[in-house]
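Those protein sequence lines, which keep their order, are chains F and U. Under the numbering used here, the first sequence is numbered contiguously, ending at residue 813. Under the numbering used here, the second sequence is numbered contiguously, ending at residue 813.
If you're looking for bench data, these hints aren't it; they were derived computationally from the structure. Note that the structure is predicted; figures quoted are calculated from it, not measured. Do not take every clue at face value.
You can't tell identical chains apart in this list, so a pair holds if it fits in one copy or across any two.
[Claimed, not checked] Listed below are the simulated BS3-like cross-link pairs for lysine-lysine, each with C-alpha atoms no more than 27 Å apart in a straight line:
no., residue 1, residue 2
1, Lys-616, Lys-797
2, Lys-797, Lys-633
3, Lys-773, Lys-729
4, Lys-797, Lys-729
Number of protein chains: 2
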Amino acid sequence: MRRLLRVPGGQGVDLSSYDARATPAGPRDKAAGLAAIAQMVERLADLQERLWAASTAGDRRRVLLILQGMDTSGKGGTVKHVIGHFNPAGCRIRGFKAPTAEERAHSFLWRIRRALPEPGEIGIFDRSHYEDVLIARVRELAPHKEIAHRYGKINRFEKSLADDGVTVVKCFLHISYDQQRRRLLQRLDNPDKHWKFSPDDIDDRQLWPAYQKAYEIALERCSTPEAPWFLVPADRKWYRNWAISTLLLEHLETLAPQYPKADFDVAEARQRLLTET
Amino acid sequence: MRRLLRVPGGQGVDLSSYDARATPAGPRDKAAGLAAIAQMVERLADLQERLWAASTAGDRRRVLLILQGMDTSGKGGTVKHVIGHFNPAGCRIRGFKAPTAEERAHSFLWRIRRALPEPGEIGIFDRSHYEDVLIARVRELAPHKEIAHRYGKINRFEKSLADDGVTVVKCFLHISYDQQRRRLLQRLDNPDKHWKFSPDDIDDRQLWPAYQKAYEIALERCSTPEAPWFLVPADRKWYRNWAISTLLLEHLETLAPQYPKADFDVAEARQRLLTET
Numbered sequence: 537m538r539r540l541l542r543v544p545g546g547q548g549v550d551l552s553s554y555d556a557r558a559t560p561a562g563p564r565d566k567a568a569g570l571a572a573i574a575q576m577v578e579r580l581a582d583l584q585e586r587l588w589a590a591s592t593a594g595d596r597r598r599v600l601l602i603l604q605g606m607d608t609s610g611k612g613g614t615v616k617h618v619i620g621h622f623n624p625a626g627c628r629i630r631g632f633k634a635p636t637a638e639e640r641a642h643s644f645l646w647r648i649r650r651a652l653p654e655p656g657e658i659g660i661f662d663r664s665h666y667e668d669v670l671i672a673r674v675r676e677l678a679p680h681k682e683i684a685h686r687y688g689k690i691n692r693f694e695k696s697l698a699d700d701g702v703t704v705v706k707c708f709l710h711i712s713y714d715q716q717r718r719r720l721l722q723r724l725d726n727p728d729k730h731w732k733f734s735p736d737d738i739d740d741r742q743l744w745p746a747y748q749k750a751y752e753i754a755l756e757r758c759s760t761p762e763a764p765w766f767l768v769p770a771d772r773k774w775y776r777n778w779a780i781s782t783l784l785l786e787h788l789e790t791l792a793p794q795y796p797k798a799d800f801d802v803a804e805a806r807q808r809l810l811t812e813t
Numbered sequence: 537m538r539r540l541l542r543v544p545g546g547q548g549v550d551l552s553s554y555d556a557r558a559t560p561a562g563p564r565d566k567a568a569g570l571a572a573i574a575q576m577v578e579r580l581a582d583l584q585e586r587l588w589a590a591s592t593a594g595d596r597r598r599v600l601l602i603l604q605g606m607d608t609s610g611k612g613g614t615v616k617h618v619i620g621h622f623n624p625a626g627c628r629i630r631g632f633k634a635p636t637a638e639e640r641a642h643s644f645l646w647r648i649r650r651a652l653p654e655p656g657e658i659g660i661f662d663r664s665h666y667e668d669v670l671i672a673r674v675r676e677l678a679p680h681k682e683i684a685h686r687y688g689k690i691n692r693f694e695k696s697l698a699d700d701g702v703t704v705v706k707c708f709l710h711i712s713y714d715q716q717r718r719r720l721l722q723r724l725d726n727p728d729k730h731w732k733f734s735p736d737d738i739d740d741r742q743l744w745p746a747y748q749k750a751y752e753i754a755l756e757r758c759s760t761p762e763a764p765w766f767l768v769p770a771d772r773k774w775y776r777n778w779a780i781s782t783l784l785l786e787h788l789e790t791l792a793p794q795y796p797k798a799d800f801d802v803a804e805a806r807q808r809l810l811t812e813t
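Based on the provided sequences and hints, a complete structural model is requested.
What follows is the structure in structure tokens.
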């Protein structure tokens, strides 16, 4: 799965060549996909507990899942349906919106560093520092030269994370222009979803090609050996959830965190408990 | 449920008079309890989404669940099994351990204020500022006079939270001395649980009466109209989970958060999407 969805770095990326409705290596249909996810839940939870347990004995390793994608691509849905299967106590979830005045006064990585997962945790970013080369590029929120420098800064930053034991899993949720329209219309059709909608979302669709271009550049320049990008076809929600669950499972299985061994005399402790007054 | 489990403030509290295996107002057995919890899950998730949605339109209300109890009383299990049913994106979970050097340099409420839920969120504290009148009292970590002043400080602090739209739900997970021994022995019997165990846990049992006394005082002095304490019998895990789910449901239903109404022309937006080029 990792190999299949991985974006080759340093080569031109053409998003239009990726079918957002595709289901590479996936179960044959939604029912099979949901069943496959259900089968992963226990292993994911077990690995998460092991990761956490290991951190109590000094293991500094952790995971950081970065979710990026156009509006309605399912970043929030991924948090709800994939991360919802983990123990919430071990998850550090952070959504990044337009930076505050305080955040703007610092380097674009400042607010990112403050939100990183601690050892043993699974961190989840709903948007991330990539906004600073996506919307920032499309809307020219920073000088061109400054943005050009950010790709290298991001790569060095992510390399430093990897060196510090952070497994970075970057997922681009790839949806089609038509699928976004359908999802926006669904929001309009349901009054309980109107709060998620803004007429600006329609205006933004004019910028779709510019955003796709910005994503292509980010994927090309920042898919590194230490922190590769995964391109997840996301028109089908069940596939998106299955693929991201699978990616997390594969990365956690590679980490293979172990429960720490007892550093005390188990038999003696049991005896004390059984004979206490 | 709120009335049943609520600790009357200002009156003497005798924990030994509460049966930790009791199931007040609860389902008749574990199977019925799990079924009842399953039935609540959807309503809880719906109310959480409404609370979050309302916050996007300026509603500042939020919930803060405070979990206190002896070791093995099930604070972590409550986060996993009760909070695990919520959307993790809207939960702000914080565990409080022995204060760091930086935290000790500030008032005992300093680290608490920094961990409060934002509007629309459900905050969960696994331990809290109550540690500063519990372990601090039992182990004399602060002068007696200082501790005596903390109850009033806590009440004023929690009153200020209530005034700011925070619904504070404080749960004392009440387990028996024998049940704690059984749970500690279970940890010893399972090598995957050894990391949760320390021989200090046995030593701490010598202080059980002193802790019970400290809890009695905290419950008596800090069960206020704005932030009452609920005493949750916790020897039976299914009952604990059912009772806390029910308490959260009742509080959320009282808040009755509403989805914001559209502040744009829905028909016009739909037309634009359907006719865009």
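When Cα atoms must be at most 27 Å apart, do Lys-616 and Lys-797 count as within-copy, between-copy, both, or neither?
Only across copies: Lys-616 and Lys-797 sit 23 Å apart there, 34 Å inside one copy, limit 27 Å.
Cα distance capped at 27 Å. Does Lys-797 pair with Lys-729 within a copy, between copies, both, or neither?
Result: close only across copies, 9 Å inter versus 49 Å intra.
27 Å Cα cut-off: does Lys-773 pair with Lys-729 within a copy, between copies, both or neither?
within (17 Å within a copy, 36 Å between copies)
At most 27 Å between CA atoms: does that hold for Lys-797 and Lys-633 within a copy, between copies, both, or neither?
between (42 Å within a copy, 22 Å between copies)
The structure fails none of the hints (numbered hints given earlier).
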